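Number of protein chains: 2
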Amino acid sequence: VILDHILSMLTPKARPLAGHHALVTSGPTHEPIDPVRYIANRSSGRQGHAIAQALAALGARVTLIAGPVTIADPPGVTVLHVETAAEMLAAVRAALPADIAVLAAAVADWRVAEPATGKIKKQPGAEMPALTFVTNPDILATISEPGPLRPRLVVGFAAETDDVIAHATAKRLRKGCDWLVANDVSPASGVMGGTENEIHLISAAGIEDWPRLPKDAVAARLAARIAQELTGETP
Amino acid sequence: VILDHILSMLTPKARPLAGHHALVTSGPTHEPIDPVRYIANRSSGRQGHAIAQALAALGARVTLIAGPVTIADPPGVTVLHVETAAEMLAAVRAALPADIAVLAAAVADWRVAEPATGKIKKQPGAEMPALTFVTNPDILATISEPGPLRPRLVVGFAAETDDVIAHATAKRLRKGCDWLVANDVSPASGVMGGTENEIHLISAAGIEDWPRLPKDAVAARLAARIAQELTGETP
Numbered sequence: 093v094i095l096d097h098i099l100s101m102l103t104p105k106a107r108p109l110a111g112h113h114a115l116v117t118s119g120p121t122h123e124p125i126d127p128v129r130y131i132a133n134r135s136s137g138r139q140g141h142a143i144a145q146a147l148a149a150l151g152a153r154v155t156l157i158a159g160p161v162t163i164a165d166p167p168g169v170t171v172l173h174v175e176t177a178a179e180m181l182a183a184v185r186a187a188l189p190a191d192i193a194v195l196a197a198a199v200a201d202w203r204v205a206e207p208a209t210g211k212i213k214k215q216p217g218a219e220m221p222a223l224t225f226v227t228n229p230d231i232l233a234t235i236s237e238p239g240p241l242r243p244r245l246v247v248g249f250a251a252e253t254d255d256v257i258a259h260a261t262a263k264r265l266r267k268g269c270d271w272l273v274a275n276d277v278s279p280a281s282g283v284m285g286g287t288e289n290e291i292h293l294i295s296a297a298g299i300e301d302w303p304r305l306p307k308d309a310v311a312a313r314l315a316a317r318i319a320q321e322l323t324g325e326t327p
Numbered sequence: 093v094i095l096d097h098i099l100s101m102l103t104p105k106a107r108p109l110a111g112h113h114a115l116v117t118s119g120p121t122h123e124p125i126d127p128v129r130y131i132a133n134r135s136s137g138r139q140g141h142a143i144a145q146a147l148a149a150l151g152a153r154v155t156l157i158a159g160p161v162t163i164a165d166p167p168g169v170t171v172l173h174v175e176t177a178a179e180m181l182a183a184v185r186a187a188l189p190a191d192i193a194v195l196a197a198a199v200a201d202w203r204v205a206e207p208a209t210g211k212i213k214k215q216p217g218a219e220m221p222a223l224t225f226v227t228n229p230d231i232l233a234t235i236s237e238p239g240p241l242r243p244r245l246v247v248g249f250a251a252e253t254d255d256v257i258a259h260a261t262a263k264r265l266r267k268g269c270d271w272l273v274a275n276d277v278s279p280a281s282g283v284m285g286g287t288e289n290e291i292h293l294i295s296a297a298g299i300e301d302w303p304r305l306p307k308d309a310v311a312a313r314l315a316a317r318i319a320q321e322l323t324g325e326t327p
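Protein chains in written order, with the working numbering: chain A, 93 to 327; chain B, 93 to 327.
Any given hint could be a false lead.
One copy or two, either will do: identical chains are not told apart, so a pair holds if it fits within one copy or between any two.
Stated by the list, open to error - With a straight-line Cα cutoff of 25 Å, these simulated DMTMM-like cross-link-like pairs (lysine to aspartate or glutamate) come out:
hint : residue 1 : residue 2
1    : Lys211    : Glu300
2    : Lys213    : Glu175
3    : Lys307    : Glu290
4    : Lys211    : Glu179
5    : Lys213    : Asp191
6    : Lys307    : Glu288
7    : Lys307    : Asp255
8    : Lys211    : Glu175
9    : Lys213    : Asp308
10   : Lys307    : Glu321
11   : Lys211    : Asp201
12   : Lys213    : Asp301
13   : Lys211    : Glu290
14   : Lys211    : Asp191
15   : Lys214    : Asp126
16   : Lys213    : Glu179
17   : Lys307    : Asp270
18   : Lys307    : Asp254
19   : Lys213    : Asp254
20   : Lys213    : Asp270
21   : Lys307    : Glu325
22   : Lys211    : Glu321
23   : Lys214    : Glu290
24   : Lys214    : Asp165
25   : Lys307    : Asp191
For the record, the hints were derived by calculation from the structure and aren't laboratory data. This one's a predicted model, so the numbers in the text were calculated from it and none came from an experiment.
Just chain A, same shape as in the assembly:
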């Protein structure tokens, strides 16, 4: 911390987030149906992992809580691997306090109420037993709740397929987060699973429309905006 402080005085613009703890979630969650089947969200983790790395590059101490992804852990970041939404929430809570929370994971909204302990067998002529779902904990809303452990800046994500701005603006207010990063993941956008992202940054101040950029450029720009917000300086 002392070294961070000296470095930050020497190079204030290069490491504006030194001394700050940033919590980032990334990737999908997998919710089990039985020992061999699960429900998943499409998410590569590329955007969240890039944000974790970009925040670390600006000097933040970063804890990345990652769902099941196939990409490598970013360097210079503490990575915790989880599978379900419940595990992700527990890991996020355990990682607090943090100054910044960027919740980029595509968390499953629902899980199967009672996963089968044995493989569900296909019976001749019978359909799959109906699945009963229960709502998963809402990590973004939970972390956004006022209280001593609320991070100073909570950033949520919204992957939408239609009425992107309207849905995302409503989501920001409903969740209680400070910023919401909205992106269009409709099949027509070609964003899903790709290497680029076209986002809208929604805050109390209004909406910023960013151009389509590679995911690491989106991450660098978001990290710079976060540093500006927390330190008042433009890196």
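Assemble the complex: chain A is given as a structure, and chain B must be docked to it using the hints.
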């Protein structure tokens, strides 16, 4: 083909499957719920991909039809990538005729009857809409049906969590395949997602219990047994 024939005469034991076409399926299938959610089976594709490579090493021309996996295409094999069970069946049919079919993919038994075209939204206080499932086409049973396009040797797989031998023996008869490779994927076995496999080879002749082996050793042994069955020679 002529070169294959010359090579097979020169080194009959090294390339016993030269001149044979082998069809292999591998990996899971993903069945969409909506544009961002899907149901998946846990399958890395490691065992199926290793079998494709082992059959190619014995001289077979191999077509590998792979569901969504993160491992690399094996060298020396024609690879077709599919996502759903319906796509996998269509690709298998298009790849016939074949002398050998090894259907190692963990095909989803069911798919969602009508995937939503837009992302299903979480409504405050409302649970996820019930999902109605329909049975997927049974690729193993379909390919095992008698007819001019039936491969000479059809090998199915059974991932079981309990009563492994009993379930797999019944499955071989129900599907109409020649051999069934059964393995225990119960959480206690530690096989799922791992690099080893402990299998039982079930045929009309009886049951062979193989020791626990790395997946590429299982693949080499299975390819050698296939060559022996088709050529009458032990490679």
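- Query: Within a copy, between copies, both or neither: where do lysine 211 and glutamate 179 come within 25 Å Cα-Cα?
  - Reply: both (22 Å within a copy, 24 Å between copies)
- Query: Is it within, between, both or neither when you check lysine 211 against glutamate 321 at 25 Å Cα-Cα?
  - Reply: Classified as neither; 50 Å inside a copy, 32 Å across copies.
- Query: Is it within, between, both, or neither for lysine 214 and glutamate 290, if the alpha carbons may be no more than 25 Å apart?
  - Reply: Between copies only: 23 Å across, 42 Å inside.
- Query: From the Cα coordinates, with 25 Å as the cut-off, is the pair lysine 307 and glutamate 290 best called within, between, both, or neither?
  - Reply: Classified as within: same-chain Cα gap 9 Å, cross-chain 42 Å, threshold 25 Å.
- Give the relationship of lysine 213 and aspartate 270 under a CA distance limit of 25 Å: within one copy only, between copies only, both, or neither. Between copies only: 21 Å across chains, 46 Å inside a chain, cut-off 25 Å.
- Intra/inter-copy verdict for lysine 213 and glutamate 175 if alpha-carbon distance must be at most 25 Å: Classified as both; 24 Å inside a copy, 22 Å across copies.
- From the Cα coordinates, with 25 Å as the cut-off, is the pair lysine 211 and aspartate 191 best called within, between, both, or neither? neither (43 Å within a copy, 32 Å between copies)
- Message: At most 25 Å between CA atoms: does that hold for lysine 307 and aspartate 191 within a copy, between copies, both, or neither?
- Response: Close inside one copy (23 Å), not across copies (46 Å); limit 25 Å.
- Evaluate lysine 307 and glutamate 288 at a C-alpha cut-off of 25 Å and name the case that applies: within, between, both or neither. within (5 Å within a copy, 36 Å between copies)
- Message: Treating 25 Å as the Cα threshold, decide for lysine 214 and aspartate 126: within, between, both or neither.
- Response: Both, since 13 Å and 23 Å are each at most 25 Å.
- Homomeric proximity label, lysine 211 with glutamate 290: Cα distance no greater than 25 Å: between (40 Å within a copy, 18 Å between copies)
- How do lysine 307 and glutamate 325 come out at 25 Å by Cα distance, when the copy is not named: within, between, both, or neither? within (24 Å within a copy, 55 Å between copies)
Violated hints, listed in ascending order, are 5, 9, 14, 22 and 24; each of the other numbered hints is respected by the structure.
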